[in-house]
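K.L.:
As they're listed, the protein sequences go chains A and B.
Quick note on numbering: the first sequence equals residues 187 to 558 in my numbering.
Quick note on numbering: the second sequence equals residues 16 to 551 in my numbering.
It should be emphasised that the hints constitute simulated quantities derived from the structure, not laboratory data.
This structure is a prediction, so every number in the text was calculated from the model and none was measured.
Each hint should be verified, as a subset may be incorrect.
Calculated Cβ distances over 10 Å to all of chain B for the following chain A residues [to be verified]: (1) Y224; (2) M226; (3) F234; (4) I344; (5) R367; (6) W400; (7) K405; (8) S423; (9) L543.
Cross-link-like lysine-lysine pairs, in silico, DSS-like; alpha carbons within 25 Å at most [stated by the list, open to error]: (10) K526/B to K325/B; (11) K325/B to K539/A; (12) K325/B to K403/A.
Even glycine gets a Cβ: it sits at the ideal position worked out from N, Cα and C.
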Amino acid sequence: MKNLNISRAERLKRFVENNTVPILFVIICAIGIPLSGYSMNYLINEIFVRLSRNAFLILSLLIPIMAGMGLNFGMTLGAMAAEIGLIIICNLGVVGIPGMILAAIISTPISIFLGWMCGNLLNMAKGREMVTSYIIGFFVNGVYQLVVLYMMGSIIPIANSALVLSRGYGIRNTVNLTGIRKQLDGLIPLRIAGINIPIATLLVIALLCVFILWFRKTKLGQDMRAVGQDMEVARASGIKVERTRIISIIMSTVFAGYGMIIYLQNIGTLNTYNSHTQVGMFSIAALLVGGASVAKANIRNVFLGVVLFHLMFVISPMAGKNLIGEAQLGEYFRVFVSYGVITVSLVLYEVRKKRELSYEGDELAAEQKEDK
Amino acid sequence: MNEQKTPLLEMRHIRKNFFGNQVLHDVNFILHEGEILGLVGENGAGKSTLMNILFAMDSIKNTGGYEGEMLIDGQVVNFESSLDALNQGIGMVHQEFSLIPDFTATENIVLNREPQKRSLFSDLFGDRMDVLDRAKMDEISKNAINRLGVPLESDMPVNQMPVGHKQFTEIARELSKDSGENAKKIRLLVLDEPTAVLSEKEAENLLTAMKKLSSEGVAIIFISHRLQEIIDVCDSIMVMRDGKIIQQVENKNVEINSIANWMVGREVAVKENTKRAFDYDKAPVDLSIKHLWVNMPGEVVRDVNIDVHKGEILGIGGLAGQGKLGIPNGVMGLYPAGGEVTFQGQPLKLNSPRFLLDSGLAFVSEDRRGVGLLLDESLEWNVSFGAMQVRDDFLKKFGPITWRDQEAIEEVTAKYIKDLEIRCTSSKQHAKELSGGNQQKICLAKAFAMNPKLLFVSEPTRGIDIGAKQLVLNTLRKYNQENGVTIVMISSELEELRSICDRIAIITDGKVHGILPASSPSSDFGLLMVGKGSDK
Numbered sequence: 187m188k189n190l191n192i193s194r195a196e197r198l199k200r201f202v203e204n205n206t207v208p209i210l211f212v213i214i215c216a217i218g219i220p221l222s223g224y225s226m227n228y229l230i231n232e233i234f235v236r237l238s239r240n241a242f243l244i245l246s247l248l249i250p251i252m253a254g255m256g257l258n259f260g261m262t263l264g265a266m267a268a269e270i271g272l273i274i275i276c277n278l279g280v281v282g283i284p285g286m287i288l289a290a291i292i293s294t295p296i297s298i299f300l301g302w303m304c305g306n307l308l309n310m311a312k313g314r315e316m317v318t319s320y321i322i323g324f325f326v327n328g329v330y331q332l333v334v335l336y337m338m339g340s341i342i343p344i345a346n347s348a349l350v351l352s353r354g355y356g357i358r359n360t361v362n363l364t365g366i367r368k369q370l371d372g373l374i375p376l377r378i379a380g381i382n383i384p385i386a387t388l389l390v391i392a393l394l395c396v397f398i399l400w401f402r403k404t405k406l407g408q409d410m411r412a413v414g415q416d417m418e419v420a421r422a423s424g425i426k427v428e429r430t431r432i433i434s435i436i437m438s439t440v441f442a443g444y445g446m447i448i449y450l451q452n453i454g455t456l457n458t459y460n461s462h463t464q465v466g467m468f469s470i471a472a473l474l475v476g477g478a479s480v481a482k483a484n485i486r487n488v489f490l491g492v493v494l495f496h497l498m499f500v501i502s503p504m505a506g507k508n509l510i511g512e513a514q515l516g517e518y519f520r521v522f523v524s525y526g527v528i529t530v531s532l533v534l535y536e537v538r539k540k541r542e543l544s545y546e547g548d549e550l551a552a553e554q555k556e557d558k
Numbered sequence: 016m017n018e019q020k021t022p023l024l025e026m027r028h029i030r031k032n033f034f035g036n037q038v039l040h041d042v043n044f045i046l047h048e049g050e051i052l053g054l055v056g057e058n059g060a061g062k063s064t065l066m067n068i069l070f071a072m073d074s075i076k077n078t079g080g081y082e083g084e085m086l087i088d089g090q091v092v093n094f095e096s097s098l099d100a101l102n103q104g105i106g107m108v109h110q111e112f113s114l115i116p117d118f119t120a121t122e123n124i125v126l127n128r129e130p131q132k133r134s135l136f137s138d139l140f141g142d143r144m145d146v147l148d149r150a151k152m153d154e155i156s157k158n159a160i161n162r163l164g165v166p167l168e169s170d171m172p173v174n175q176m177p178v179g180h181k182q183f184t185e186i187a188r189e190l191s192k193d194s195g196e197n198a199k200k201i202r203l204l205v206l207d208e209p210t211a212v213l214s215e216k217e218a219e220n221l222l223t224a225m226k227k228l229s230s231e232g233v234a235i236i237f238i239s240h241r242l243q244e245i246i247d248v249c250d251s252i253m254v255m256r257d258g259k260i261i262q263q264v265e266n267k268n269v270e271i272n273s274i275a276n277w278m279v280g281r282e283v284a285v286k287e288n289t290k291r292a293f294d295y296d297k298a299p300v301d302l303s304i305k306h307l308w309v310n311m312p313g314e315v316v317r318d319v320n321i322d323v324h325k326g327e328i329l330g331i332g333g334l335a336g337q338g339k340l341g342i343p344n345g346v347m348g349l350y351p352a353g354g355e356v357t358f359q360g361q362p363l364k365l366n367s368p369r370f371l372l373d374s375g376l377a378f379v380s381e382d383r384r385g386v387g388l389l390l391d392e393s394l395e396w397n398v399s400f401g402a403m404q405v406r407d408d409f410l411k412k413f414g415p416i417t418w419r420d421q422e423a424i425e426e427v428t429a430k431y432i433k434d435l436e437i438r439c440t441s442s443k444q445h446a447k448e449l450s451g452g453n454q455q456k457i458c459l460a461k462a463f464a465m466n467p468k469l470l471f472v473s474e475p476t477r478g479i480d481i482g483a484k485q486l487v488l489n490t491l492r493k494y495n496q497e498n499g500v501t502i503v504m505i506s507s508e509l510e511e512l513r514s515i516c517d518r519i520a521i522i523t524d525g526k527v528h529g530i531l532p533a534s535s536p537s538s539d540f541g542l543l544m545v546g547k548g549s550d551k
């Protein structure tokens, strides 16, 4: 209302201030692409691979943000549930799309239980959801190791000896997922101008996008938005705040599990004890690169984030090699950048809140001048 | 039966005490269908408590309930929760907005009562997967807005609305509550200071809307400090003071002056010997505030101009939320502020607490547990902390290393404990273990230890008992007289300001509405507080 009379320069300044991270990445990529020397064809191909691999995982983060719970670092819980599902289907020897569906079915109750537990814990730590969910991730990782490393093969029978460590129990460090490798990606093959497009995976992702858009229109979605903005007002109007928050975390965990299955079918091997630890951080970094904040994220942020963040992933080793003759540098660069992005975004969020206050002050001063 | 005669609401012999403190004494009143009752009184007169009883708020239940009885349609009722009140068709609009900022007016009006349509997933996952019926939501909200008869865009997000429209959204929400399937029609609406935040034009719209509702048979209890509005719109007027109903009259030939008198009426005997004649001609201007604005949430200050003379005690009064607390908090840099402030001829850099402290200003905050004290530290620390930080007092130097001067700290703490009669076991006791009054004295001691040239004291007697109150006030007066320190004291209690100040400025709507000598009759101040009276 009062913002109408701000100048164009001021508006541009605010646009840059509000989109610092994406703009920075556009610049990095614009400089990096010519340096890396990759062909456009190769890059577009890579973008499709990354998009189909990561988008579902990142989309799973949107619902807790809507419910005001910030970035769900606890999505690794879903990833672990999915990994258990995948180990079981490998053991049973179920392959192809049925194998993936069975893994998803097995992961669901585990995800729901873990999500319910995480949601309850987060309700006890309101206002500190992010750091709490981050630590819960580490804690559950320990439980996961107990199950996979000690109980599988000893208490839980594992028939497939290729899965088991040579000592007789515990799952090997890497599990070959040949049975489901690229099964979804290659379900509907399409190749345009040398670019492979994983139609089936993109369709599944599109389906989730449609679901999220539709979900915002449901009663539960509306309640989540209300809870996310003001818990006390929502409570006063009779919305069950705690329950709503738990449901949002459960949904996020379940979707993260499905996302992990899609992610691993693309990669083709399961890194039993490491895959899930990195997934959470890279997904969150990608979402933030897409311009999301702790309190606000949409589907556009997801896709922009995947493209920009993973483009940087792809080009940085080569760019580093061509620039300094050291591919290691690029490798180092991308890990350092993902932590950096998360840090910057978290800090910027607070800075922005303060800035809003100072705008209010400016308006007050301007109003006073008008009065005179 | 003549239904006209049965009152909608009747309260009989309502009494309430909080921990032995009697806040309501035998309150009786009657409200008829379609009647607009104006309820006025100073802060703390018992208005909110009375309304909380009507709505069976937890704050009443948890403190032992109330005595007396409440009748609706002639039947004694006992509400278990505010939901019961709602089911009887009683709605309330609180002073603080209870709105979701990013939601539109419609979404807020039907919050958690949204009409829904079954969806594909409803059968699978339950009713919460129903889709919202936007068309019906719009219909309900438009109906409610039309009933109010105000220009309110139903699809505008609340955070972009002018404040008046937020208020209308709240009222529309209460009205729309009779659109549900089994809800009763709204029959009684309580509006708690709805016009306090509104511009004149918006307030006019609201008053028209209230009259419209009343003609439809909705009774309204209208709490307001703007007496002109009360006179303009109400059928009857009820004035409360100190937990009693002082006057209940029909609104016929009632004058603002008499209401203001009933409101503040209590003539506390101000001892003549405490009065002094302050010679303004001899005292130069110490602190000059020009065009000050402060963005303190809930206490916004707009374009304030005051000159404070050297050695005087200036009182700043006014009703809650009008901006009086914003002035010291803004000048001392705790909230974003702007304007020109000069102190002893030097311009002050605002928004920089350190600079202001270095300039010789000190501030005793109204938030003593948050801003004023280090709760988990000893009294010695609390008293000496400010001076140590700002003035490098109580420190010893050995070469490059600076040490605390424990002896000096103990000495000064002991002095203030004695002077201010602070009740404590020793100077090593932790600040949080003291009572409110003694904590306040520690805050004062901390400020005194900084040897300020000018002292802001905000709500120095809030939440402390009468004995301690008198001592705090005497201490301030004594400190002012003995050291010639200029004091600016902010308080909600007019009588307290009148007892020690030389002049009192009344802040209304974020601006200085008038400055009067403390000896002026209290009804003059009452008029200023409610936005009437002369401008200077």
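K.L.:
If any of the earlier hints don't hold here, list their numbers in rising order.
P.N.:
6, 7, 8, 9, 11, 12
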